[in-house]
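Each chain, written out:
There are 2 protein chains.
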Amino acid sequence: MPIKRRQFIATAGLAGLAATALSRPAIAQTMPELHWRLTSSFPRSLDLLYGGCETFAKAVAEATDNRFQIQTFAGGDIVPSLQALEAVQNGTVEMCQTAMYYYWNKDPTFAFATGVPFGMNAREANAWLYHGGGNDLLNEFFKEYQVFALPAGNTGCQMGGWFRKELKALADVNGLKFRIGGFAGAVLQRLGGTPEPLAAAEIYSALEKGTIDAADYLGPYDDEKLSFNKIAPYYYYPGWWAGGSTLHIAIGANKWAELPKAYQAVVTAAAALANVDVQARYDAKNPAALKRLVATGSQLRPFPQEVMEASYKAAVDIFQELSDGNANFKKVHDAYMTFRNDQYLWWQVAEYSYDNFLIRQRAKG
Amino acid sequence: MPIKRRQFIATAGLAGLAATALSRPAIAQTMPELHWRLTSSFPRSLDLLYGGCETFAKAVAEATDNRFQIQTFAGGDIVPSLQALEAVQNGTVEMCQTAMYYYWNKDPTFAFATGVPFGMNAREANAWLYHGGGNDLLNEFFKEYQVFALPAGNTGCQMGGWFRKELKALADVNGLKFRIGGFAGAVLQRLGGTPEPLAAAEIYSALEKGTIDAADYLGPYDDEKLSFNKIAPYYYYPGWWAGGSTLHIAIGANKWAELPKAYQAVVTAAAALANVDVQARYDAKNPAALKRLVATGSQLRPFPQEVMEASYKAAVDIFQELSDGNANFKKVHDAYMTFRNDQYLWWQVAEYSYDNFLIRQRAKG
Chain A
33 MPIKRRQFIA TAGLAGLAAT ALSRPAIAQT MPELHWRLTS SFPRSLDLLY GGCETFAKAV
93 AEATDNRFQI QTFAGGDIVP SLQALEAVQN GTVEMCQTAM YYYWNKDPTF AFATGVPFGM
153 NAREANAWLY HGGGNDLLNE FFKEYQVFAL PAGNTGCQMG GWFRKELKAL ADVNGLKFRI
213 GGFAGAVLQR LGGTPEPLAA AEIYSALEKG TIDAADYLGP YDDEKLSFNK IAPYYYYPGW
273 WAGGSTLHIA IGANKWAELP KAYQAVVTAA AALANVDVQA RYDAKNPAAL KRLVATGSQL
333 RPFPQEVMEA SYKAAVDIFQ ELSDGNANFK KVHDAYMTFR NDQYLWWQVA EYSYDNFLIR
393 QRAKG
Chain B
33 MPIKRRQFIA TAGLAGLAAT ALSRPAIAQT MPELHWRLTS SFPRSLDLLY GGCETFAKAV
93 AEATDNRFQI QTFAGGDIVP SLQALEAVQN GTVEMCQTAM YYYWNKDPTF AFATGVPFGM
153 NAREANAWLY HGGGNDLLNE FFKEYQVFAL PAGNTGCQMG GWFRKELKAL ADVNGLKFRI
213 GGFAGAVLQR LGGTPEPLAA AEIYSALEKG TIDAADYLGP YDDEKLSFNK IAPYYYYPGW
273 WAGGSTLHIA IGANKWAELP KAYQAVVTAA AALANVDVQA RYDAKNPAAL KRLVATGSQL
333 RPFPQEVMEA SYKAAVDIFQ ELSDGNANFK KVHDAYMTFR NDQYLWWQVA EYSYDNFLIR
393 QRAKG
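Chains as they are written, first to last, in the numbering used here: chain A, 33 to 397; chain B, 33 to 397.
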């Protein structure tokens, strides 16, 4: 056996390679040179999110020997952040990097692509998307918007935001002016709070003046850069509306169909690379940022249990109401929630007890 | 702006693509036709593990329009399962898919690549590998074995194995004959147990006869296939020696260096795709398998706290002893554990409290 194997290696060695390479130029010539543009929903300042589309574009270029080049633009450079999907739909750009839940006003079904209140954590979301039918279900829905999309990053569970005063009970949510959007804002309203959809640049000043009482942004690494800790000392967790937010690369459906199969495979693998890479970078960066925030006076607070439970109940009610009036929503909701419940059935056994033990051991020093 | 953009799209449309493709055949011709062989450490019966190298090879072939083909062989087909790394080192095959901790007898430093007792969970491991310096540190070490390796899959936290009798206290570990290997076996010995390194095919009969008292294998999906539930009713968790086991694709260092940069990029992205894909598949498959096992009488049991704590202490002692006598080990150990501790500092805040809430809500129905 070993001798035979070495013979095989010898004949398939470098000399052989060069010969076969020259014998098949026809196939290689079918690979077109492409220059595409990608618009991101994220600014350069959110460097880990925006970095996801740079990682993706770099991987595609390198894997195709620079024949398939994707120029990336930050939100606002050529297309406003929240119009990234429309820009793909109308052919302004070939692709975008976005959080699909930004389009929940078009159809709340979009939210399941990114994550919904009390939805799956990041790893469970990947399980659903890649092997629970999620990607197929969502792309069936995305067809209505003429896009094909691939998961391409995750933030992990986000924080619950910065509060000027402690939130001690459910009653404190009544009248709370909270910078938060989308689905979470709808839940907040059910609890008597007021969602305030401010742009990132407006948050600090509104929080400082007391125009708003609290502001959600993302997690330690991104939040630290906006200095919320200087004006709102209480840093709440968890972000129950963002237990594991998936980013997507969305591609014009006709553009996707036109791509050679090899380029489709490159894009698919590059998106998966961005998926694991964005999450890894967030996880690598968040601990040090959290330490710095706590060292400069930020006080970590869990949301009171009754706030969590009331929010959960309100979310379930909204899911039900939306399901009643929207067949798309109902279809994806039912599949998503069935999968989530099974995920947590399993997660509570090995994963959760393992993490629980390590967390307690660490606390002991 | 919109008009300009549409003009850009028009000129970069399909007609333009064909022309540029024809104008640059020289570059495409430099991409060689390669036929490589990959030997796996896993049998086909472990279809999710072995499936990881099939996913990887398929992605490489598709992304290169079948110019770079990797033929995959299951453990034992051409190389024994635990000699996969040597087969790459000696050039028998160009690459392998393996769990690096199988080679811990050569140097215990290998164990950090896959995971060590009370090590990082799957997502934390990715954070360390991709953005905490882990991949670089490990590849520096792997140079001594003439291989370059990339993470290419994870099982998530594994179960703690099948026990004929309940393990109620630390004293029950004394004299326990447990089918378990590697680092976990060394820890077990410190607690008075006996590690029994049986091959998978030997476990059922040994457990049935009582030659061994307990057997670790993997998790619900894989364990179910071997029917351990019929002869050992107690199914323990968590597998504290496998909190998130990373698989690797290892490539001969000289073979890696010879690859065109574009193929290196394809292999890197395909390995990342396999990484997220194997984990997603395990997470998607395990819940239903767990339900079936419990429905047929398997009884879930957490390891007693004192067993967990004694195992933790023994593991820390072994880490210290190995660090004292092995500079490679100490270097990687110190980096790994510092990173792990910071990961759990952060994990306990948002992730853990989020999962905790969802687990309890699910239990309520």
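Derived from the structure by calculation, the hints contain no laboratory data.
Fair warning: there could be bad hints in the mix.
[Unchecked claim] Quick list of in silico lysine to aspartate or glutamate cross-link-like pairs, DMTMM-like style, CA-CA up to 20 Å:
(1) B:K257 with B:E290
(2) A:K90 with B:E94
(3) A:K287 with B:E234
(4) B:K138 with B:E118
[Claimed, not checked] Pair ranges (Cβ atoms, derived):
(5) B:N373 with A:R333: 49 to 57 Å
(6) B:R76 with A:I391: 36 to 44 Å
(7) A:A232 with B:E290: 22 to 30 Å
[Unchecked claim] Under 7 Å between C-beta atoms, here's a sample of chain A residues computed to sit facing chain B:
(8) A297
(9) P319
(10) Q331
(11) I391
C-beta: ideal position from N, C-alpha, C; glycine also.
Hints versus structure:
no.	hint	verdict
1	B:K257 with B:E290	41 Å, violated
2	A:K90 with B:E94	19 Å, holds
3	A:K287 with B:E234	54 Å, violated
4	B:K138 with B:E118	11 Å, holds
5	B:N373 with A:R333: 49 to 57 Å	23 Å, violated
6	B:R76 with A:I391: 36 to 44 Å	38 Å, holds
7	A:A232 with B:E290: 22 to 30 Å	47 Å, violated
8	A297	4 Å, holds
9	P319	4 Å, holds
10	Q331	12 Å, violated
11	I391	4 Å, holds
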